[in-house]
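One line per chain: the protein sequences are Z and F, in this order. Numbering of the first sequence is given in the numbering used here, commencing with residue 94 and proceeding in unit increments. Numbering of the second sequence is given in the numbering used here, commencing with residue 94 and proceeding in unit increments.
Accuracy of the hints is not assured; some may be wrong.
Copies of the same chain are indistinguishable here, so a pair counts whether it falls within one copy or spans any two.
[Claimed, not checked] Using 16 Å as the maximum straight-line C-alpha spacing, the simulated EDC-like pairs for lysine to aspartate or glutamate come out as follows:
| hint | residue 1 | residue 2 |
| --- | --- | --- |
| 1 | Lys96 | Glu174 |
| 2 | Lys212 | Glu109 |
| 3 | Lys116 | Glu184 |
| 4 | Lys96 | Glu139 |
| 5 | Lys152 | Asp202 |
| 6 | Lys144 | Glu184 |
| 7 | Lys144 | Glu224 |
| 8 | Lys212 | Glu127 |
| 9 | Lys199 | Glu129 |
| 10 | Lys96 | Glu121 |
| 11 | Lys152 | Glu174 |
| 12 | Lys186 | Glu127 |
| 13 | Lys180 | Glu154 |
| 14 | Lys186 | Glu224 |
| 15 | Lys124 | Glu108 |
| 16 | Lys152 | Glu162 |
| 17 | Lys152 | Glu127 |
| 18 | Lys199 | Glu224 |
| 19 | Lys144 | Glu162 |
Simulated from the structure, these hints should not be mistaken for laboratory data. Quick caveat: nothing in here was measured; it's all calculated off a predicted structure.
Number of protein chains: 2
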Amino acid sequence: MQKLEHIGIAVKNLEEANVLYAKLLGREHYKIEEVESEGVRTSFFEVAGLKIELLEATKPESAIAKFVEKRGEGLHHLAFEVQNIQKSIQEKKAQGFVPIKETVSKGADNKLICFLHPKSTGGVLVELCQEIR
Amino acid sequence: MQKLEHIGIAVKNLEEANVLYAKLLGREHYKIEEVESEGVRTSFFEVAGLKIELLEATKPESAIAKFVEKRGEGLHHLAFEVQNIQKSIQEKKAQGFVPIKETVSKGADNKLICFLHPKSTGGVLVELCQEIR
């Protein structure tokens, strides 16, 4: 885990959330990106080098739709940057952490991503992410 | 909001969580601090300049005890550093955000703190914190 790359926040409506978070954080979002494979539309804010990613579900079977239905809007995941995601997954598995999927996915913001199951990480959904070079 | 000062994570047992997060983050916690007035015992990890604060309840009426009972362990709050907490509270109130208490409290890590109610911040419990000089 090199650094916290971003914090993911689940929202119901991205446009409304962009207005709210712009007020809260004192700055505007700098991009919007849809990740069709994950069923999400995302927007990004930057606060002193840290990214805050708002996630809105684009289909009812999206993990974000299920999360919002079950727990409401709010903090969703922490994403840590790693150099080599395949190696990191193997290391984390050897330590007892459980990947949600065995395969790496393409996430927003030009990243390869893999989530560790919150049951193995003290209730925190942890994303490993590696910049696609 | 100058920067994200720390991320707060609610845990059931601080000693067990310290072991788990040391494995997850690849480093040990660097301090433990009890904040009696808030009914919490905390430990701190540092990842590339960002603090991760684990919070364990020390009494059943603690906000952390209630959170864990209702939602389980996991992401609890985001704390943003501000220069002048009284001024920030007034600004945030004027923007429609709602402080949980009108008065500033003494938090862990030599900070004056104030929480904004998650009902006003899209479900995210937001802490404003100012270093005590």
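Here is how each hint holds up against the structure:
{"no.": "1", "hint": "Lys96 x Glu174", "in the structure": "within (6 Å within a copy, 19 Å between copies)"}
{"no.": "2", "hint": "Lys212 x Glu109", "in the structure": "between (31 Å within a copy, 14 Å between copies)"}
{"no.": "3", "hint": "Lys116 x Glu184", "in the structure": "between (40 Å within a copy, 10 Å between copies)"}
{"no.": "4", "hint": "Lys96 x Glu139", "in the structure": "both (15 Å within a copy, 9 Å between copies)"}
{"no.": "5", "hint": "Lys152 x Asp202", "in the structure": "neither (20 Å within a copy, 42 Å between copies)"}
{"no.": "6", "hint": "Lys144 x Glu184", "in the structure": "neither (25 Å within a copy, 23 Å between copies)"}
{"no.": "7", "hint": "Lys144 x Glu224", "in the structure": "within (14 Å within a copy, 23 Å between copies)"}
{"no.": "8", "hint": "Lys212 x Glu127", "in the structure": "neither (28 Å within a copy, 27 Å between copies)"}
{"no.": "9", "hint": "Lys199 x Glu129", "in the structure": "within (10 Å within a copy, 45 Å between copies)"}
{"no.": "10", "hint": "Lys96 x Glu121", "in the structure": "between (23 Å within a copy, 15 Å between copies)"}
{"no.": "11", "hint": "Lys152 x Glu174", "in the structure": "neither (27 Å within a copy, 36 Å between copies)"}
{"no.": "12", "hint": "Lys186 x Glu127", "in the structure": "neither (30 Å within a copy, 33 Å between copies)"}
{"no.": "13", "hint": "Lys180 x Glu154", "in the structure": "neither (30 Å within a copy, 43 Å between copies)"}
{"no.": "14", "hint": "Lys186 x Glu224", "in the structure": "neither (21 Å within a copy, 39 Å between copies)"}
{"no.": "15", "hint": "Lys124 x Glu108", "in the structure": "within (12 Å within a copy, 40 Å between copies)"}
{"no.": "16", "hint": "Lys152 x Glu162", "in the structure": "within (13 Å within a copy, 31 Å between copies)"}
{"no.": "17", "hint": "Lys152 x Glu127", "in the structure": "within (12 Å within a copy, 44 Å between copies)"}
{"no.": "18", "hint": "Lys199 x Glu224", "in the structure": "within (10 Å within a copy, 39 Å between copies)"}
{"no.": "19", "hint": "Lys144 x Glu162", "in the structure": "neither (25 Å within a copy, 30 Å between copies)"}
The structure does not agree with the numbered hints 5, 6, 8, 11, 12, 13, 14 and 19 stated previously, though it agrees with the rest.
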